[in-house]
Amino acid sequence: MRAAPQPVSALQWFLGALSLPQRWRSGVGPIIAAVVLVAIVLTAIFAPLIAPHDPLTMNSVQRLKGPSDIYPLGTDAYGRDLFSRIVYGGRISLLIGIGAAITSVIIGLLIGLVSGFFRLADAIIMRVMDALMAIPSILLAIALVSLNGPSIWSVMAAITIPEIPRVVRLVRSVVLSAREEPYVEAAITLGTSMPKILLRHLMPNTLAPLIVQGTYICASAILTEALLSFLGAGVSTEIPTWGNIMAEGRVYFQIKPSLIFWPGLMLSLCILSINLLGDAARDVLDPRFKKREA
Amino acid sequence: MQFKRRNFDDARVILDVQDLTVSLEGTPGAPPVVDQVSLKIRNGETACLVGESGSGKTVTALAVMGLLPKGALRVTGGKILLDGTNLLELGPQAMREMRAKRISMVFQEPMTALNPVMRVGDQIEEVLDTHLRLSAREKRSRVLDILEQVHLPDVERIYRSYPHQLSGGQRQRIMIAMALVLEPQLLIADEPTTALDVTTQKQILSLIGELQERHGTAVLFITHDMGVVAEIADTVHVMKQGELVEHAPVEKLFRQPQVEYTRRLLRSVPSLVPRPPRPANGSENVLTVSRLQKIYVSRSLFSPTLQVHAAEDVSFSIARGRTLGIVGESGSGKSTVARCVMRLIDPTAGKIEVAGKDFAQVSRRALRPYRKHIQIVFQDPYRSLNPRWTIGESLIEGPLNRGLDRKTALSRAAELLTLVGLPKDALSRYPHQFSGGQRQRIAIARALAMEPDVLVADEAVSALDVSVQAQVLDLLDELQQKLGIAILFITHDLRVAAQICDDVAVMQRGRIVEYGPAQDVLANPKHPYTRALIEAAPGRFWDFANFREVSAA
Chain A
4 MRAAPQPVSA LQWFLGALSL PQRWRSGVGP IIAAVVLVAI VLTAIFAPLI
54 APHDPLTMNS VQRLKGPSDI YPLGTDAYGR DLFSRIVYGG RISLLIGIGA
104 AITSVIIGLL IGLVSGFFRL ADAIIMRVMD ALMAIPSILL AIALVSLNGP
154 SIWSVMAAIT IPEIPRVVRL VRSVVLSARE EPYVEAAITL GTSMPKILLR
204 HLMPNTLAPL IVQGTYICAS AILTEALLSF LGAGVSTEIP TWGNIMAEGR
254 VYFQIKPSLI FWPGLMLSLC ILSINLLGDA ARDVLDPRFK KREA
Chain B
342 MQFKRRNFDD ARVILDVQDL TVSLEGTPGA PPVVDQVSLK IRNGETACLV
392 GESGSGKTVT ALAVMGLLPK GALRVTGGKI LLDGTNLLEL GPQAMREMRA
442 KRISMVFQEP MTALNPVMRV GDQIEEVLDT HLRLSAREKR SRVLDILEQV
492 HLPDVERIYR SYPHQLSGGQ RQRIMIAMAL VLEPQLLIAD EPTTALDVTT
542 QKQILSLIGE LQERHGTAVL FITHDMGVVA EIADTVHVMK QGELVEHAPV
592 EKLFRQPQVE YTRRLLRSVP SLVPRPPRPA NGSENVLTVS RLQKIYVSRS
642 LFSPTLQVHA AEDVSFSIAR GRTLGIVGES GSGKSTVARC VMRLIDPTAG
692 KIEVAGKDFA QVSRRALRPY RKHIQIVFQD PYRSLNPRWT IGESLIEGPL
742 NRGLDRKTAL SRAAELLTLV GLPKDALSRY PHQFSGGQRQ RIAIARALAM
792 EPDVLVADEA VSALDVSVQA QVLDLLDELQ QKLGIAILFI THDLRVAAQI
842 CDDVAVMQRG RIVEYGPAQD VLANPKHPYT RALIEAAPGR FWDFANFREV
892 SAA
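Same order as they appear, the protein sequences are chains A and B. To convert, count from 1 in the first sequence and add 3; that's the working numbering. To convert, count from 1 in the second sequence and add 341; that's the working numbering.
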């Protein structure tokens, strides 16, 4: 029999979630994913200690060199160290990924709670959300970048805004079903105020699906950021990001494929591990497995 | 009405279960779920398998059907002989042949057991398709014939209907038709009437009896309802925690139960004879409802506006320390009344007076002071407590809302737990650590924490086993005497109503059709609907608790 996680307080639940790997029966996949992701995150955080060179220093003598003791992965068209650029590039990618995930989850959670509980607000909010959902993030990014100039904030906003409606819908659906539960009705008859019911009875129900959704948003945000940089609508070209590195390497693809291969590999590994963790989290937290043993 | 007294000694043994043991998979050392159960069912016999929830009744049936959930439960010993063939030795293919053709099963919930997107006629034909080769015309006539046999009206229309277009009783008839269309030797019915109203239940029970007689089917009938057992059983098998503790012909078992567990089970069955009336205490009314009306309106652009009168002209009152029962079948409007009184829904018209003030039309915000006077206990003990909160948190929610400080509220909560018969350390535990009956006690304690004048119990004991039900009813009675609260008791179960209510109101289609002292309404019903309800109550000729016929007093 599958050990069903028992519903507990938010804190206990969180502590339980930290020891999740023991419960994952699906094999070593999620564990390898976690190790890879932790390595990438640590590399990004300690980039100044790890990178052997300054990622921005150009050296016209050392253009397009192959791997050597000094340049582990070789150099790009401006003689900058590819390895250092990839190490630093992870910072921006992860910042945008995690930033977009957290921002859209928090904003979406607040709107979704209100929308799910108050019928009148629901009708208006959901139409606005439908409209937001129709905006493609790439076009929005191009518009924002051309208005404000290229910056991390433009890119983050462009990625976050179209994700919000998806979070809102998810939260709203959870609230809609949870508000029919007798314990919520009991709270109403006990005279508990609406904000308190929302925060203390309904919100905890949304946390598990939100964590899963958050990982997917994170992965897709990193990918979108790379895509935007590649198209030239992303972060300023002076800042190294995985997308920027690939965009610049594109021209020299035929003589030096490693300029695209290495940042591309990092990007793929990062997305793959986040998605694997998201899948594993879904398997563990999915409400169908959360059924109480009657 | 009396017990069946047929003798089956000479009949052929259809099902012979020998020392059946079913264990949990993956947890070695755990006690088996079904432990060495042996039972025999002969041709034409109805064997009832009774016991409380978790006693292994359904697992036994699923083992016979070869439908134990894979990876969770496994047969670890014994034999299941169907007409001499050991079912446990058959492969999946051969077992599939057996099902429907030789054994079939009817489940409790007729809505989920039928495919909602397929016409019921096609669903029955599918059974024929899997096992027989028949022309389209033969199939159709055979399906129409079995639909006739289960007494469905206008079989041509039913044949083309989808499950949602039929009533619960009709759906259960379809299930029975499907189970019997191939004329199996053994029919397993797992609580087939539990989800149905008493009047429908009566019809389905007599239908099963009639078809059994016609086809000579052996029936294994699983139920927790002793009334049903008294009506239909030839032999009764009593299960307790996976073991078969007693089996005997029905009359012998009900007259002279041998095992203490059986005696206790029978003693917990509430009697249909109303308890002696308590003298009116002459205190003032704490809840007065007058001319309450609730109309649901559904407007749609393309169809005419639909109005459903869920409650119409409902008036009643309860005095301090008294219990009023509202009884009726599903859809009679009794829960609508309870929810209106709690102001979980807004009544369309009428007055609800508590403590001398009418609260029927007061705004949500102004309701706060009213909430203190009236509290509710819901039916489902598994969903009425927040699973993420400790019992303590749940119990102090109301008092905190009223402005009590946390410390006082917690010490008060501990007192309440003692009052409802639970240990004080329950405060720091979570709902999943308690049984259904214990959770219902906690829900009662939570309601009492508000020190209400009126307690609304909406089917509060319906989800519990009889023995637990009896304990919770005793608790309510005791609390009423101690605290003098008035109880509005909503139930579909006349036996429960007879044991706890001073007054009874019978509801049908949103209206109160009969209202008066329990003694009058239940013992000398005036309204034909009340009479029909009482007549449909299964096993009403038998006084279970005293092991004898109901004395014709």
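Watch out, some of these pointers could steer you wrong.
Stated by the list, open to error - Listed next, the in silico DSS-like pairs over lysine-lysine satisfying Cα-Cα at most 25 angstroms (straight line):
id	chain 1	residue 1	chain 2	residue 2
1	B	K345	B	K543
2	A	K199	A	K68
3	A	K199	B	K713
4	B	K748	A	K199
5	B	K698	B	K748
6	B	K823	B	K765
Note that these hints are calculated values from the structure, not bench results.
Results for each hint:
1. Proposed proximity of K345(B) and K543(B) is supported: the alpha carbons are some 16 angstroms apart, at most 25 angstroms.
2. Restraint check for K199(A) and K68(A): not satisfied, since their Cα atoms lie roughly 63 angstroms apart, outside the 25 angstroms limit.
3. Only pairs whose Cα atoms come within 25 angstroms are accepted, and K199(A) paired with K713(B) is accepted, the gap being roughly 18 angstroms.
4. The straight-line distance between the Cα atoms of K748(B) and K199(A) is roughly 20 angstroms, inside the 25 angstroms bound, and the hint therefore holds.
5. Only pairs whose Cα atoms come within 25 angstroms are accepted, and K698(B) paired with K748(B) is rejected, the gap being roughly 32 angstroms.
6. Among the hinted pairs, K823(B) with K765(B) is consistent with the structure: their alpha-carbon atoms are about 20 angstroms apart, no more than 25 angstroms.
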